[in-house]
Each structure stands twice: as structure tokens, then as C-alpha cells.
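*Asks:* Single-letter residue listing:
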Amino acid sequence: MKQFKNQNLARKENISVEFFYHNAKERFNLKLLSDQVGFDRLIIEQNLHRPGLALAGFVELFSFSRVQVFGNTEMKYLQKLSSKQRAEVLTRLFDFEIPCIIITDKNKPFPEILNLANEKKIPVFGSHYPTTKLIYLVGDFLDDQFAPRMSVHGSFVDVYGVGMLFMGKSGVGKSEVALDLVERGHRLVADDVVILTKKGEGILLGSGTDMIKHFMEVRGIGIIDVRSMFGIRAIRFQKRLEVVIELEIWDDGQEYTRTGLEDSSVDVCGIDIPHVKLPIIPGKNITVISEVIALNYLLKHYGYDPAKVLQKRLLNKIDRNSQNMDRVIDYFEHDFE
Amino acid sequence: MIEEEVKIINDSGLHTRPAATIVKLASRYKSDFFIIKDGLSINGKSIIGVMTLAAAKGSKLILRFDGVDEQEALKEIKSYFERGFDEL
Numbered sequence: 001m002k003q004f005k006n007q008n009l010a011r012k013e014n015i016s017v018e019f020f021y022h023n024a025k026e027r028f029n030l031k032l033l034s035d036q037v038g039f040d041r042l043i044i045e046q047n048l049h050r051p052g053l054a055l056a057g058f059v060e061l062f063s064f065s066r067v068q069v070f071g072n073t074e075m076k077y078l079q080k081l082s083s084k085q086r087a088e089v090l091t092r093l094f095d096f097e098i099p100c101i102i103i104t105d106k107n108k109p110f111p112e113i114l115n116l117a118n119e120k121k122i123p124v125f126g127s128h129y130p131t132t133k134l135i136y137l138v139g140d141f142l143d144d145q146f147a148p149r150m151s152v153h154g155s156f157v158d159v160y161g162v163g164m165l166f167m168g169k170s171g172v173g174k175s176e177v178a179l180d181l182v183e184r185g186h187r188l189v190a191d192d193v194v195i196l197t198k199k200g201e202g203i204l205l206g207s208g209t210d211m212i213k214h215f216m217e218v219r220g221i222g223i224i225d226v227r228s229m230f231g232i233r234a235i236r237f238q239k240r241l242e243v244v245i246e247l248e249i250w251d252d253g254q255e256y257t258r259t260g261l262e263d264s265s266v267d268v269c270g271i272d273i274p275h276v277k278l279p280i281i282p283g284k285n286i287t288v289i290s291e292v293i294a295l296n297y298l299l300k301h302y303g304y305d306p307a308k309v310l311q312k313r314l315l316n317k318i319d320r321n322s323q324n325m326d327r328v329i330d331y332f333e334h335d336f337e
Numbered sequence: 001m002i003e004e005e006v007k008i009i010n011d012s013g014l015h016t017r018p019a020a021t022i023v024k025l026a027s028r029y030k031s032d033f034f035i036i037k038d039g040l041s042i043n044g045k046s047i048i049g050v051m052t053l054a055a056a057k058g059s060k061l062i063l064r065f066d067g068v069d070e071q072e073a074l075k076e077i078k079s080y081f082e083r084g085f086d087e088l
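If you read the protein sequences in the order shown, they are chains A and B.
Counting along the first sequence from 1, when you hit position 117 you're at 117 in my numbering, and nothing is skipped either side.
Counting along the second sequence from 1, when you hit position 52 you're at 52 in my numbering, and nothing is skipped either side.
Simulated from the structure, these hints should not be mistaken for lab results.
Check each hint, because a few of them may be wrong.
Restraint-style ranges between C-beta atoms, simulated for each label pair [to be verified]:
1. A:K121 <-> B:S59: 29 to 35 Å
2. B:T21 <-> A:A10: 24 to 30 Å
3. B:E82 <-> A:K121: 43 to 49 Å
4. A:Y302 <-> B:T21: 47 to 53 Å
5. A:D225 <-> B:E82: 31 to 37 Å
6. B:D66 <-> A:G57: 55 to 61 Å
7. A:D225 <-> B:T21: 18 to 24 Å
Reference listing, derived: stretches of chain A covered by chain B, where coverage requires no fewer than 3 residues with Cβ under 8 Å from a Cβ of chain B [stated by the list, open to error]:
8. 189–195
9. 201–212
Think about it this way: if two alpha-carbon atoms lie no more than 30 Å apart in a straight line, the pair counts; the simulated DSS-like pairs of lysine-lysine are [claimed, not checked]:
10. A:K169 <-> B:K30
11. A:K120 <-> A:K31
12. B:K57 <-> A:K12
13. B:K60 <-> A:K12
Please read these numbers as outputs of a predicted model, since none were measured by experiment.
Ideal Cβ placement from N, Cα and C applies to all residues, glycine included.
Sequences and hints are given; from them, build the entire structure.
*Replies:* See the structure below:
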């Protein structure tokens with residue numbers, strides 16, 4: 001299969017606890033329980049960890065570099081201990097370089113936790129969410145932060161709800177196609193610099209950059225702002241990537257798809273994305289063809305593949321060994337209009 | 001393919017005018033041209049791309065050329081960076 005040139009795949013190495021708290025406090029209702037200490041600590045993993053076994057004394061293989069979540073189980077266990085024992089087990093835990101601790105489900109922190117937090121400079125947060133919900137939410141947030149990203153050169157447009165990425169050499173007319181699609185009522189996601197983020201397995205989300213947003217350059221005009229020119233209906237901020245369209249100048253030596261029976265796809269960050277190679281020739285309206293590709297993608301998605309339907313019909317006819325080529329219908333024989 | 005690191009030395013950084021000049025210079029060559037900053041790589045023949053970098057004075061960029069005339073292209077664009085976009 002064709003490999004996408006993903007030479008510029010990047011992934012965040014870490015995020016600081018300060019960045020995490022700043023972005024997460026409202027989303028997950030996080031409250032700072034300790035003093036504002038250790039905000040420069042770094043979170044380097046998207047996974048969270050419940051330190052039950054570590055509290056009970058088993059610290060081999062303790063994933064201390066993860067955000068630690070104290071749920072009801074952990075708090076109940078700590079409650080059963082005497083104050084002295086509690087300080088002891090917590091000290092063992094706080095001796096590790098933990099990025100931060102989150103106490104869930106409105107549990108009140110023990111004074112021993114807060115003292116150690118301030119002493120060892122490990123921030124402790126509280127949330128009223130139940131543990132499973134918090135782990136799901138924070139995990140999703142960290143997943144997004146640590147997701148592999150790449151920037152590609154192309155135009156990304158939502159055509160009838162299908163995320164289409166136009167690629168091709170500089171000056172081949174990607175921006176013009178995007179502009180034409182916007183004019184016809186489709187929505188621009190980004191032009192020139194498209195950031196693709198790998199979300200979960202099998203999903204790539206495309207968006208623009210925070211600085212450029214929906215500005216674009218059109219050769220011969222210069223820079224235009226699609227949002228102020230065409231309004232809010234002409235843009236969107238992100239869209240799942242569903243089809244890659246490669247524009248290229250017509251090349252006699254190349255073979256182009258004729259039936260569409262074989263699906264061609266391209267590997268982007270390990271995800272298969274349907275791929276169409278479109279040759280540009282005079283008199284060919286790339287915009288209309290793009291709309292057709294989008295509609296055909298939707299049809300296939302909803303279970304109707306025209307190439308397969310026609311193939312089946314052909315095989316049927318061959319089977320019946322019928323010689324004559326019939327007209328499509330013959331009800332209107334006496335209708336000469 | 002060849003690569004070289006350059007540094008922004010003029011006070012106002014890589015703003016619109018130098019960005020436009022870089023794109024203009026690069027477009028004269030057949031080679032593919034990428035500029036890489038903090039792991040983000042953009043097409044150096046696109047004005048919007050070059051402006052995305054928002055490179056301030058002191059930033060380090062990697063210029064990457066790939067094609068038949070890569071040597072000449074690198075030489076000319078590198079020299080434009082070294083002259084501080086003619087703003088020194």
C-alpha cells in the first residue's frame with residue numbers, strides 16, 4: 001500500500017502539572033487541595049494509575065510516573081490504618097517522583113497526605129467525580145495531549161460531511177479547489193497547514209493552526225480570510241479525515257482508476273484512508289468531481305457500491321447469455337415526446 | 001536531500017515581508033522545500049505555511065531541500081537568512 005510521507009510525525013514529550021491544572025480544572029472540576037507546590041512537575045504518560053498495591057506495600061513495578069488516582073478503595077484502606085501507619089505508607093509513596101495526585105468522589109484528604117504533599121512538593125487535587133468517570137475524562141484529555149500529530153501541506157474541506165484532504169505540489173490549485181467548494185456551500189477546515197491528530201485507533205482528526213485559522217492564500221490575490229468573507233457557515237474547526245485526494249498534472253504514462261472496484265488507500269500514521277488520484281486536465285471541474293467523490297463515499301458507506309452493482313448486473317447478463325442490448329425501459333413506446 | 005540549520009537574526013523576526021520573499025525565492029527552484037521548527041515541518045513554498053512558524057529573533061530553523069537544484073536553492077535562501085532578511 002502507498003505510504004504517506006509522514007516524516008514530520010511529532011508527539012508531545014511531556015506536559016507540566018501547571019498546564020494540566022490550568023486546562024483541566026474547569027473540565028473535571030479539579031480543586032487544589034495542597035498548597036500550590038510542584039507545579040513544574042512533568043506528566044510524561046497518558047495513563048493514570050491507582051496506587052492500591054503501592055499503598056499496601058508492594059512497590060516493585062510501581063508506575064509512579066503516572067498521575068495517581070486515590071479512589072474510595074485507597075481512601076478506605078488509609079482510613080483503616082492508625083495515624084502512624086498512615087504516615088508510614090504515605091511516606092513510602094511520596095518518596096517516588098509522582099507528578100500529582102487526584103482524590104476522587106468528594107473524599108476528604110487526610111492531614112498526612114496534605115503535609116507530605118507540601119513537604120515533598122507533590123500537588124494534590126480533589127474532584128467530586130466518581131473514580132471511573134474521572135479516569136475516563138482525564139485519560140481522554142491526556143490521550144489527546146499526547147496523541148501523535150503531524151502537519152501536512154494541503155487543503156482540508158468538509159464536503160457534504162465528508163472530510164477531504166486535497167494534496168499535491170505547490171501551485172497545482174489546492175486552495176482554488178477549496179475556495180470553489182466553500183463558494184458552493186461546503187466548509188473549510190484549514191488551508192496550507194493542516195494538523196492531523198491521531199485519535200484512538202483508526203481515527204485522524206484534521207484541524208488548522210491557532211494562528212492561521214481560516215486565512216488562506218490565493219495566487220494572484222494574496223491573503224484572504226474565509227471566515228469574514230463567507231461567514232460562519234463556511235468554516236469548521238475540526239473534521240475527521242475520510243478521503244485523501246491527490247491532485248496532479250495529467251501524466252500520459254500514469255494509469256488512473258476506471259471502475260473503482262479496487263479500493264485504493266493510503267497509510268497515514270498507520271491508519272488506512274481512502275485515496276483518490278485526480279489528474280487535472282483542461283475542462284475538468286475538480287470541484288464537481290470532489291463533490292461526486294464525497295457522495296460516492298457516502299453511498300458506499302451506506303452500503304451501495306455502484307461499481308459492484310454494475311459488475312453484478314454484468315455477470316447476470318453473461319450468465320443468461322442474452323444477446324440483444326435492450327433499452328432501459330419500454331413503457332413509453334407511443335410517447336413521442 | 002540536504003538540510004541546514006539557520007538562525008533568525010533580525011529584530012522583528014520572520015514577519016510577512018521576509019516570509020513572502022522566502023516563498024518567492026523558493027518557488028524559482030524545482031526542489032521541494034521544507035522548513036522545520038520544533039518538530040513541525042511546513043512547506044516553504046507556501047506563504048501561510050511560513051507565517052505559521054511565527055519565528056522570533058533567535059529561533060533556529062532547519063531548511064530542508066530535496067530535488068535536482070537543491071544546492072543552489074539552499075545557497076540562496078540560506079544567504080537571505082544570514083543577511084537578516086536585509087533588515088540589519
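*Asks:* Run the structure past the numbered hints and jot down the numbers of the failing ones, going up.
*Replies:* none
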